[in-house]
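A.B. asks: Chains as they are written, first to last, in the numbering used here: chain A, 18 to 403; chain B, 7 to 161.
Hints are computed from structural coordinates only; laboratory data are not their basis. All residues carry an ideal CB built from backbone N, CA and C; glycine is no exception. Treat the hints loosely; a few may be bogus.
[Stated by the list, open to error] Per the computed footprint, the stretches of chain B lying under chain A, defined by three or more beta-carbons under 8 Å from a beta-carbon of chain A, are:
1) 36-47
2) 122-132
[Stated by the list, open to error] Only part of the chain A face toward chain B is listed, based on derived beta-carbon distances under 8 Å:
3) S99
4) N163
5) K212
6) I303
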Amino acid sequence: MSSAARYLSLSACATALLLLLQLPNGHAQELSFAGSAQLDYLHVFSNERARAFTLDGFTTELSMKVSVDVNENISGQIKVCSGCHGFELPAAHVDVLVGDFLSLRAGRFVPEFGDFPTRYDPANHLSNSKPLPYDMGRMLRLRDWNMSVLPAPYVDNGLELGLDHNIEDALALSYFLYLVGGLRASEGATDVDWKQMRSRDFYYVDNNSEPMLGGRILASIFMSKSASLRLGASAVWGHYDPDAELDSLIVGADLVLLISGWALRAEYLFRRNEMALGAEPEQSFIYGPGADGAYDPYFLKDGFYVETDVPIVESFSLYGRWDGLRRWGNVAVGSTLRSQSALLRYTLGLNWEFVRSWRLKATGEFYDFSDFGDETAAHLGIVGSF
Amino acid sequence: MQPPSPFFPLALLLVLGVVACDGLLPEVGPAQLARCSNSDSDPATSHSFEADLRPIIERQSAGCGEGCHHPGGRNPVGVALGGLDLSSYASLRLGGAQTGSSIIVTGQPCESLLLKKLGPTPPFGARMPLNGPPFLSAAELQDLNDWIAEGAPEQ
């Protein structure tokens, strides 16, 4: 795959360049600025030493975005944000529209995967925390679990091709295909290194000179003026270690049902992740080999969420979510997990939009761990966009 | 010949995903090593930074001259890149750029990033010491585990 993927990347870059050369020249016609801010406080009622296993207390998330429409076909966007992960550049890309149905995105962006990453900004969702399959740093026991299946936003450098296909007024299909730098870790890794993914030392370089290949299919069904259904499926695959020997496959399916202000969203994510066993796996892993006498060199991690929000009275919305994570496979020495570990979380919340685009968020969360004691936590936050 | 349904690619992807996952759960044997525990494995023996951790730091830093994590060292790469100064108990407790004060969570070795970075599968970056192998032995890691479980005293 290695050399084929590199040739594919080169071909994609050459195609993008040719498309750009075909488009008319233009100067900046429209410049727009937007941003959002959230201040959130997390308190764990059930544990006085929560600081040991989560990022409790205050967390501020800020984002600022500048968009430029060069002409009808070309636009660009730069977005910076800051949160518990430090500073991030989730967007620095150029979009080229060819006709009304084909688009090309090049630069640094959030690749199309699932539904939640399209609304990962705190101003775009009613919960204080992210769903467990996408959690980046606000879940309890985040280090024990090495976070989620695919922490959002997953930002990467590369090219993304989009194709819109309207079958009729009631049905639209969208296809996305992308080549990006990919997930990262050091040599001999047993999981993706999410800190290295965001390290300034590695921001703009690939760690193994080999891209990850991903894609998404989205079907939007418009049932009436006030009701719609979206169904999506996503996948991304590639090697994540410097030697390009360990691969990671992530697949997902998502559903969004919107009916007159009521929303139902559900997603499922699954990751199969290879691990480096090392020369002495009996010294590095807690569990011994399987019945065939060999160590299985991978683990599986999956997660889901189902959430709904409904307006109850003017400017107040009720929010509920049920989400979970599971992990199967051997665990490294020092881990607190077992070969089969699970986590379920139940969340109930209330949103109050006290000024247009500014909301107060309050949620309560109950964590049901298979390997640790149950925990109860609450968030209180204020969020707005401008 | 009928054109394929627009939902065909979606259905194909879902079917492929289910087929690929079915029957592929990783298999493991019985546990051969203990899971991380926050308890002190030998309460009768006391541990301290000066008696247990400093000798390990000084021995493991030999490859960096005066010490990878010593700001006065000839090659203090650990201070320059990771921001972690291990020259004193106080600077250790401050942690590095990635770890912060979570480098040692008093009484909770399983949550302490110091032990995770010294273990075979660090959650980020490379296993320490960087010039290993050799790495810390199981007995040394257990001593560190017990030191943190005892409250990570300096003396």
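A.B. asks: Against each hint, give a clear statement of whether it holds in the structure.
C.D. replies: Outcome of the hint check:
1. By the rule of at least three residues with a Cβ nearer than 8 Å to a Cβ of chain A, the coverage given for the region 36-47 of chain B holds, with 7 such residues.
2. Taking a C-beta to C-beta cut-off of 8 Å, the region 122-132 of chain B contributes 8 residues in contact with chain A, enough for the three needed, and the coverage statement holds.
3. Interface restraint check for A/S99: the shortest CB-CB distance to chain B comes to about 16 Å, outside 8 Å, so the restraint is violated.
4. About 6 Å separates the beta-carbon of A/N163 from the nearest beta-carbon of chain B, less than 8 Å, and the hint is met.
5. The closest approach between the C-beta of A/K212 and any C-beta of chain B is roughly 4 Å, which is under the 8 Å cut-off, so the hint is satisfied.
6. Interface restraint check: A/I303 against chain B, minimum CB-CB distance 5 Å, threshold 8 Å, status holds.
Comparing the model with each earlier hint shows a violation of hint 3 alone; every other hint is respected.
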